[in-house]
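Undergrad: If you want the building blocks of each chain, they are given just below.
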Amino acid sequence: MMWDKLEVGTVGPVLEDGPLTITDFVRYQGASGDMNPIHHDTEFAQKAGFPQPFAVGMRQAGVLATWATDWLGPANVRRFKVQWREQAWPGDVLTYSGAVTAKREEDGQRLVDLEMTVTRQTGGTHLKGWATFVVPA
Amino acid sequence: MDKSLEGRRGQPFRMVVEEGKVREFARAVKSSNAAYLQGPQATSPTTFLASAAFWQRQEHSPWGDARLNWERILHGEQEFVFPGPPPAAGTELVAESRIDRVFEKEGKRGGTMTFVELVTEYRDGSGAIVAESRSTVIETGKAPQ
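Line order of the protein sequences matches chains A and B.
Using this note's numbering, you'd call the opening residue of the first sequence number 1129 and step up by one each time.
Using this note's numbering, you'd call the opening residue of the second sequence number 1059 and step up by one each time.
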């Protein structure tokens, strides 16, 4: 049923995330084990040349995966790739969106490819993503 | 950065996909999908293997004695590949990391940038690869604007 509803250009539901807080970053850092202080320690971030701590890129990659798996199913993901562009900051409101770019059958499996973006409220791109999901019969 | 880092491997390490960690991770990436919360068989979230750091000690890292300026390291790209569904809670994985590629590019704003591609392969108890993580980290010449 799902397969018939997915066409090249089909868009997933849009997800909004934010305003981001340092608490969001710390929650992800605790879960992932990446405690780099540049994401929560203002003095450390400023010494490294940044105005303030910035968002953990992997957190938003994870939220983007949440967006994709809520749409196409957590067990169906086969490939998920992100590339970071401009940084995201506390206070940002991010929009997660994406669309089907290809629909194909390979080794007896039905697959869809997605292209995804996470956009800041400024219009700037925080990250670009690509994914492949199997679509069960 | 040293091109000779290419091919360096860390020692294999063990990682158990734990139900509680799956829940904690799902919460941190704003998911309340039932598949991540369904008890002992919960699916792990797509980027869950980012938490492998809890299972790694220095000897498991392929960096060895390489000296990096961590204040100038950015994560440029990250990919996860799964031959089947992502590993479920309860799966005991054996993973090995290697440095796959080292190359330089001239950046527009950050001086000379060095790109390093790190690959970690995760195998289940049968020895089959169940996940591969590919990270590209970038060492910039100065703080990016």
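One or more of the hints may lead you astray.
[Said to hold, decoys possible] Dumping the calculated DSS-like pairs for lysine-lysine here, alpha-carbon to alpha-carbon at most 27 Å: (1) B:1166 <-> A:1133; (2) A:1175 <-> B:1088; (3) B:1061 <-> B:1166; (4) A:1133 <-> B:1163.
[Claimed, not checked] Derived, one-sided and incomplete: chain B residues facing chain A with beta-carbon distance under 7 Å: (5) 1083; (6) 1086; (7) 1109; (8) 1138; (9) 1162; (10) 1165; (11) 1199.
It is worth saying that the hints were derived from the structure and are not from the lab.
For every residue, glycine included, the Cβ atom is placed at its ideal position computed from N, Cα and C.
Undergrad: Evaluate each hint against the coordinates.
TA: Hint-by-hint comparison with the structure:
no.: 1; hint: B:1166 <-> A:1133; result: violated (43 Å)
no.: 2; hint: A:1175 <-> B:1088; result: violated (31 Å)
no.: 3; hint: B:1061 <-> B:1166; result: holds (22 Å)
no.: 4; hint: A:1133 <-> B:1163; result: violated (43 Å)
no.: 5; hint: 1083; result: holds (5 Å)
no.: 6; hint: 1086; result: holds (4 Å)
no.: 7; hint: 1109; result: holds (5 Å)
no.: 8; hint: 1138; result: holds (5 Å)
no.: 9; hint: 1162; result: violated (18 Å)
no.: 10; hint: 1165; result: violated (14 Å)
no.: 11; hint: 1199; result: violated (12 Å)
In terms of the numbered hints stated before, the structure departs from hints 1, 2, 4, 9, 10, 11, listed from lowest to highest.
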